[in-house]
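Line by line, the protein sequences are chains X, Y, P and A.
FYI, in UniProt numbering the residues of the first sequence are 1 to 332.
FYI, in UniProt numbering the residues of the second sequence are 1 to 332.
FYI, in UniProt numbering the residues of the third sequence are 1 to 208.
FYI, in UniProt numbering the residues of the fourth sequence are 1 to 208.
It should be emphasised that the hints constitute simulated quantities derived from the structure, not laboratory data.
The beta-carbon is built from N, C-alpha and C at its ideal position, and this holds for glycine as well.
There may be inaccurate statements among the hints.
Far from chain P by the CB rule (all over 10 Å, computed), these chain X residues [unchecked claim]:
1) Met1
2) Lys2
3) Asp10
4) Ala20
5) Gly95
6) Gly96
7) Ala126
8) Ala137
9) Glu179
10) Pro207
11) Arg229
12) Asp240
13) Val279
14) Gly284
15) Glu286
16) Ala332
FRET-style restraints, in silico, Cβ to Cβ [stated by the list, open to error]:
17) Y:Pro43 / X:Glu166: 36 to 46 Å
18) A:Gly15 / X:Asp10: 57 to 67 Å
19) Y:Glu252 / X:Glu282: 34 to 44 Å
20) Y:Arg236 / X:Gly200: 21 to 31 Å
21) Y:Ala182 / A:Pro208: 29 to 39 Å
22) P:Thr57 / X:Arg224: 52 to 62 Å
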Amino acid sequence: MKKFINDPADVVTEALAGLAAAHPDLRVDTAEQYVARADAPRPGKVALVSGGGSGHEPLHGGFVGAGMLDAACPGEVFTSPVPDQILAATKAVDGGAGVVHVVKNYTGDVMNFQLAAELAADEGIAVETVLVDDDVAVENSTWTAGRRGTGATLLVEKIAGALAEEGGKLGEVAAIGREVNAASASFAYALTAGTTPAAGRPGFELPDDEIEAGVGIHGEPGRRRERLRPARELVRSALDVILEAQPLDRGERVIVLVNGLGGTPLIELYLIYGEVATVLAERGVEISRRLVGNYVTSLDMAGMSITVTRVTDEMIRLWDAPVRTPGLRWGA
Amino acid sequence: MKKFINDPADVVTEALAGLAAAHPDLRVDTAEQYVARADAPRPGKVALVSGGGSGHEPLHGGFVGAGMLDAACPGEVFTSPVPDQILAATKAVDGGAGVVHVVKNYTGDVMNFQLAAELAADEGIAVETVLVDDDVAVENSTWTAGRRGTGATLLVEKIAGALAEEGGKLGEVAAIGREVNAASASFAYALTAGTTPAAGRPGFELPDDEIEAGVGIHGEPGRRRERLRPARELVRSALDVILEAQPLDRGERVIVLVNGLGGTPLIELYLIYGEVATVLAERGVEISRRLVGNYVTSLDMAGMSITVTRVTDEMIRLWDAPVRTPGLRWGA
Amino acid sequence: MDVALATAWLRAAAGSVTAEADLLTRLDAAIGDGDHGVNMRRGFTAVVTVLDGTEFTAVGDVFVRAGATLISKVGGASGPLYGSAFRAFGKALPPGARADLPGLAGALHAGLEAVRKLGGAQPGDKTMVDAYQPALTAFEEAVAGGAALPEAAAGAARAAGDGARATTSLTARKGRASYLGERSAGHQDPGATSTWLIFQALADVTAP
Amino acid sequence: MDVALATAWLRAAAGSVTAEADLLTRLDAAIGDGDHGVNMRRGFTAVVTVLDGTEFTAVGDVFVRAGATLISKVGGASGPLYGSAFRAFGKALPPGARADLPGLAGALHAGLEAVRKLGGAQPGDKTMVDAYQPALTAFEEAVAGGAALPEAAAGAARAAGDGARATTSLTARKGRASYLGERSAGHQDPGATSTWLIFQALADVTAP
Ligand SMILES: Nc1ncnc2c1ncn2[C@@H]1O[C@H](COP(=O)(O)OP(=O)(O)O)[C@@H](O)[C@H]1O
Ligand SMILES: Nc1ncnc2c1ncn2[C@@H]1O[C@H](COP(=O)(O)OP(=O)(O)O)[C@@H](O)[C@H]1O
Ligand SMILES: [Mg+2]
Ligand SMILES: [Mg+2]
Ligand SMILES: [Mg+2]
Ligand SMILES: [Mg+2]
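If we strip away everything but chain X, and leave its shape as in the complex, we get (with noise of 0.2 Å):
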């Protein structure tokens, strides 16, 4: 394993702490293991809080601010927060309206979420939950943990982060993240598995002409092990898959995420993000917005990811208001 790091044990910490040094904008307790807006609470705003495990960056620590995020609290690499965790954000940026959790869905991630939920109800802190569960490579069944949260998180947290610093109630917040969810489709390949600090092998092995279709972000396998195909050709499977999930009638406008998995260069993602858009445009969609880089990783996987969710006016004006945090920055 090769990795800029000392300790395995102490990444998530130093990481933290560099994160802390970084952004005076942040407020990051290394005790308690949250990050959050060094502002927070805001009396009267509905605060927002997500986590999960690390090694995801920027998600979530690189999405508190103005706009976004009130705190996020990682967990280990690939490990959700444990509920104390949760709590300790939650109490400290609770301004009095309440405290959306933006959850992924993973069996982990929900079950702290949930426990630290019900601790905060006993200290009497309204906090509505919403499930991001975006990647179409799983099915949604009673045969699995269901559909995992994938790149969609970052557009519930933009867009509802926005609604909730323009003043929108606890209850609204929720549901324009809950839309937002449901109207998002999200499809992986990885051309490489990561590699935790903690295991120091990669997640998976894979030869030189195969790849991963519809990956998680945890180094898990994915579904299917294919061939490595020209980008055309993989960016049209995954679309496929995508618009059987969440179909599109032409007229209908998306934004539209090419995400990295952390190992893949910038000059990949806007090659794939051209193949993206000749296809939507072929299909009569329009694409109104677009996010083009490493968002939502995996640690180094080299793959990518492909998100594409149906907006609403609402949803694009919230989308483009002001956002202020290390990982997603405009307007401000």
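Could you slot chains Y, P and A with the ligands onto chain X? The hints should help.
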């Protein structure tokens, strides 16, 4: 080789097509192969043009936009652009107030930009060249092609770009660019080599416990091979070299760039930034501004560089000025 | 079971998940995210620290504290599941310094119920339930048959081991492994394996 | 040399750098950035396209156009260097459809001067100059000694090859390889190697 591409020969043009589709603020001339602000030329504004081999994204195309570059000329992967391209971009963005060429100090870049500047002069365009050579891993002597241009390029383009945006004259814009370069020093480590689409295999092979110290951004090996050590020690060694080349007194202020070379995840870059902050605090140096992320990359190389730039009030003011590009954006 | 045996069991379990952390992580890397060994080691190391620093009078409290510690320290799926199991187990034990065999059996049952309630897994879903359920049945049958603790614990450990091994052929329907669909078959479930280690630790510390 | 021979030479050079692109790239990967083969192939392919579409009357024009094409299509260090070399070579040739041997020798000299002026490399700096310089010397000596073109070209190619091989032991002082300092020794210079291929192409097309 595993990449999201179609044909190795088409990577640069297809990625440019994706960039064009993604950013309506930019005008991409795929025939002449340059990226320009859609609103260029801006009459009376000094224009900034940079360029270099592709594979370093977001540098340079991702830094085109208000407050930074007016145009960028991407060459083939790791190959400097040709004079025709540079001339076409220079003519396209010249607003009558002259053009600054920001050139990283590599033999090929220097020669191609020089030929282009001569051709532009023939057409009556005033061109000033700012040579960036911040990489102190290379000794600046008659025995080498001189220090390479790496991370400081971003600072030169941002700060000189801001001065141009607010109406600085050709000589002033070039002068502050040169000042920033002279006040900068960088040093890089690589854990793995990147793979160019054309070559299809990594530029060099490293055993699992060895790293290259003093690497550039073109997959060339570094000054020497070393044992992998804890991040803490690597940062100290890098800063020793940087501060020997660029001594800093207690109380001096700097901008720090902790830059990933493409394949290193953000969690490691923040960990590194924490170490940098610790060492500079010990030395009494004040970090006024900082940037942590993948900005001047080398395809999928796992590695990082540290750039330290001694800054004046004026440089900080220009750094803080609004910028609106795909790769760097704030205040707009 | 008294306080001394309770802490001995948890210490033995801690030793065992620490010794086998690599195995657990490797199993989890194959069909999950490769952190189960690290998670269990981190959690049980914290449990040992708590045990070191606390005097217990009621045997149930040992497990309630252990469960709360696992919930606070592990994260992931296994943290809340094991944490809730130990908490429920401790709470279901009869009050006081000692628990008898039927009390232990009832508490084991309460622990499994907590796992099933929180995680919703059925036997056959390729989870820790597939080791826990047969272990519980074996324990109950041994107790019903008049066996003493060592024998009941040994039977439970054997059944847990068989159950864990039998997860290999199953297709996962809960947790991360379910994302793999049929590709999850052919790999032993990491959580079922750690459940076996915990039952084995009880067998070891009670062995005559 | 007439127009036909000039285009035959450049086509042969194109064939050769294309066939050896992998070798050139591998040499460049060791001490540079691994693009020299791709650069040369791209440039000479463009040269062939230009030759296909153009009627030349003056032999010098063939090389001036080839040089301009290399400057426009190659990029990197080798594009301007080879481009300037061929342009200078073409401009230095006597006007008209044919050039004699002393004219060729003088033009080769002008080509080398252009490389040295633009790149500033001295012999021994581990660059294309280390193949070009001995090739030129051999060519001039052969011409002075009364040799015909095939013989002079063969001698130049031999000297270029020897010069290219001799770069292996040198420490680079120009171009990317200079960043490696002493680590550049032990590897043959890619640009010197492509220079040898170009001289060899002349020897091949003039061979009796
Ligand atoms: N819904 C569930 N019910 C019971 N056990 C489960 C459930 N989901 C996961 N598990 C168990 O948890 C184990 C994985 O634990 P761990 O790797 O620590 O957490 P995570 O999956 O969050 O990384 C699985 O092997 C399985 O035995
Ligand atoms: N200053 C120079 N003078 C002469 N030749 C040079 C000089 N710099 C580089 N070269 C030659 O160029 C070759 C590299 O060409 P190429 O790989 O195409 O360009 P780049 O180095 O820009 O990637 C080197 O092997 C060397 O022979
Ligand atoms: Mg996990
Ligand atoms: Mg090059
Ligand atoms: Mg796991
Ligand atoms: Mg090269």
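Quick rundown of the hints versus the structure:
1. Non-interface status of X:Met1 relative to chain P is upheld: no Cβ of that chain comes within 10 Å, the nearest being about 12 Å off.
2. With a least CB separation of 17 Å from chain P, X:Lys2 remains clear of the 10 Å interface cut-off, as annotated.
3. No Cβ of chain P approaches the Cβ of X:Asp10 within 10 Å, the least distance being about 13 Å, so the stated non-interface status holds.
4. Listed as a non-interface residue, X:Ala20 keeps its Cβ farther than 10 Å from every Cβ of chain P; the least gap is roughly 21 Å.
5. No beta-carbon of chain P is positioned within 10 Å of the beta-carbon of X:Gly95; the least distance is around 26 Å.
6. Remark: the non-interface label on X:Gly96 is consistent with the geometry, its nearest Cβ contact in chain P lying 27 Å away (cut-off 10 Å).
7. The Cβ of X:Ala126 lies farther than 10 Å from every Cβ of chain P, with a closest approach of about 22 Å, so its non-interface assignment holds.
8. For X:Ala137, the condition that its CB be more than 10 Å from all CB atoms of chain P is violated, with the nearest at approximately 8 Å.
9. For X:Glu179, the condition that its CB be more than 10 Å from all CB atoms of chain P holds, with the nearest at approximately 25 Å.
10. Distance check for X:Pro207 against chain P: the nearest CB is about 16 Å away, which clears 10 Å, and the non-interface claim stands.
11. With a least beta-carbon separation of about 20 Å from chain P, X:Arg229 lies farther than 10 Å from that chain, consistent with its non-interface assignment.
12. No beta-carbon of chain P is positioned within 10 Å of the beta-carbon of X:Asp240; the least distance is around 18 Å.
13. Interface exclusion of X:Val279 from chain P stands, the closest Cβ pair being 26 Å apart, more than 10 Å.
14. Annotated as non-interface, X:Gly284 keeps its C-beta farther than 10 Å from every C-beta of chain P; the closest such distance is 32 Å.
15. No Cβ of chain P approaches the Cβ of X:Glu286 within 10 Å, the least distance being about 32 Å, so the stated non-interface status holds.
16. No Cβ of chain P comes within 10 Å of the Cβ of X:Ala332; the nearest lies about 33 Å off, and the non-interface call holds.
17. The supplied range of 36 to 46 Å is met by Y:Pro43 and X:Glu166, whose beta-carbon atoms lie about 38 Å from each other.
18. Distance hint check for A:Gly15 and X:Asp10: the Cβ-Cβ separation is about 58 Å, which falls inside the suggested range of 57 to 67 Å.
19. About 57 Å separates the C-beta atoms of Y:Glu252 and X:Glu282, a value inconsistent with the hinted range of 34 to 44 Å.
20. Checked against the hint of 21 to 31 Å, the pair Y:Arg236 and X:Gly200 passes, with Cβ atoms roughly 24 Å apart.
21. Distance hint for Y:Ala182 and A:Pro208: a CB-CB separation of about 60 Å, inconsistent with the stated range 29 to 39 Å.
22. P:Thr57 and X:Arg224 have their C-beta atoms about 56 Å apart, which keeps the hinted 52 to 62 Å range intact.
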